[in-house]
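Listed below, chain by chain, are the residues.
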Amino acid sequence: MSNVDITITIQTEDRLDGYVVLPPGGRLSGVALIQAQQGVKCRKGTLTLGWHTEGRGTRYDQTVARRDLFQGGVAVARPLSFPFAFDLPHEPWSYSGHYISVVWHLTLTLDMPLARDISQRVQFVLRPLAKSGAGSVW
Amino acid sequence: MKGKRISSNVANNPGYLIAFGLLWLLFTCPFFIVMLVAGPDLAGALLGGLFLLVGVAILAAGMFIQFTRMRIGQPQITLSDPVLRVGQTFTASYLHTFPRDVEIGEIYLQLIFRETATYQQGTDTRTVTYDHLIDEHVAPGGTFRAGSFINQSYEFQIPPDGMHNLDVRRNRLQWYLILKMSVPRLPDFVEQLELNVLPEMA
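Protein chains in written order, with my numbering: chain V, 1 to 138; chain C, 1 to 202.
Just chain V, same shape as in the assembly:
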């Protein structure tokens, strides 16, 4: 059980089925908050923007951007807060189908020495909001 709470908040006004929706080519911004119940020794914290396929086909992973947020550990009484911003690519759009889904994600990873990394991932939808809004592939 992890003794670190990681919260990633994406700033947006658009939501679809509970997911944050961001336009292709737009800007993703938000805040990552790291709070430790006990002191955590880690090498660094990294925020990664990427997408992957899910479903029947062999998973395809693509990292689009990576930011090192900090180096060193996380103290108990000092929550760390990191505003972030990424320029989003124009493709691929998010998709949820019969055999294949395309899923965008933002992942914060704490690189732990001699231990399993701690990470928190949030998914979001990258696609223009359809004007009709009905019968979406999402």
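Hints are computed from structural coordinates only; laboratory data are not their basis. Careful, some of the hints might be misleading.
Okay, the calculated beta carbon distance ranges per label pair [claimed, not checked]: (1) C:I134 with V:G18: 24 to 34 Å; (2) V:L69 with C:E155: 28 to 38 Å; (3) C:T97 with V:L16: 46 to 56 Å; (4) V:Q123 with C:R145: 57 to 67 Å.
Since this is a predicted model, take the numbers as computed values, not measurements. All C-beta atoms in this analysis are idealised placements derived from N, C-alpha and C, irrespective of residue type, glycine included.
Could you slot chain C onto chain V? The hints should help.
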């Protein structure tokens, strides 16, 4: 013809099937002949004969498809725009001159969104496809004389909430316009046209 015709599809190009059938026969014929000449090994001859029959069946299927294509001729499908965007409405013009007298069933022109997923199962590599039928136009069939033609235009739309083409390792999302027609006593005629749908809204 605008767009990209899919030549790897058997229905579109029976040449692959004929070549495969010939190759199959080329390898199985010597085996069968050796079995017959070698002596009274009934099991071996039966097995060889079975393999030979499979080759003949593949070859026959390919030749039947080729024969259908010769009877039907080559339809021309022209798109109003070779590059499409999500939400775009486009026109597909279908021009078909029949080279011979032929009787055909209903003619289907379908807009399909196809998912193709490839995965590993043990040592086998498997591929599955799923077609989403987005829209379909049906034209009546009938008996067509040599030289008669069909000239129709149909309107389609890539849905505004649809997806663009995607081709990454072992995962493909593609748009197709598929022309289908049945010919009595022959395999169906199928022509596929891949559409280029960009990740942009119309």
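Tested hints:
Taking the beta carbon of each, I134 (chain C) and G18 (chain V) are about 26 Å apart, inside 24 to 34 Å as hinted. Restraint check, L69 (chain V) to E155 (chain C): a C-beta distance of roughly 51 Å breaks the suggested window 28 to 38 Å. At roughly 48 Å, the beta carbons of T97 (chain C) and L16 (chain V) sit within the given window of 46 to 56 Å. For the pair Q123 (chain V) and R145 (chain C), the supplied restraint of 57 to 67 Å holds, since their beta-carbon distance comes to about 59 Å.
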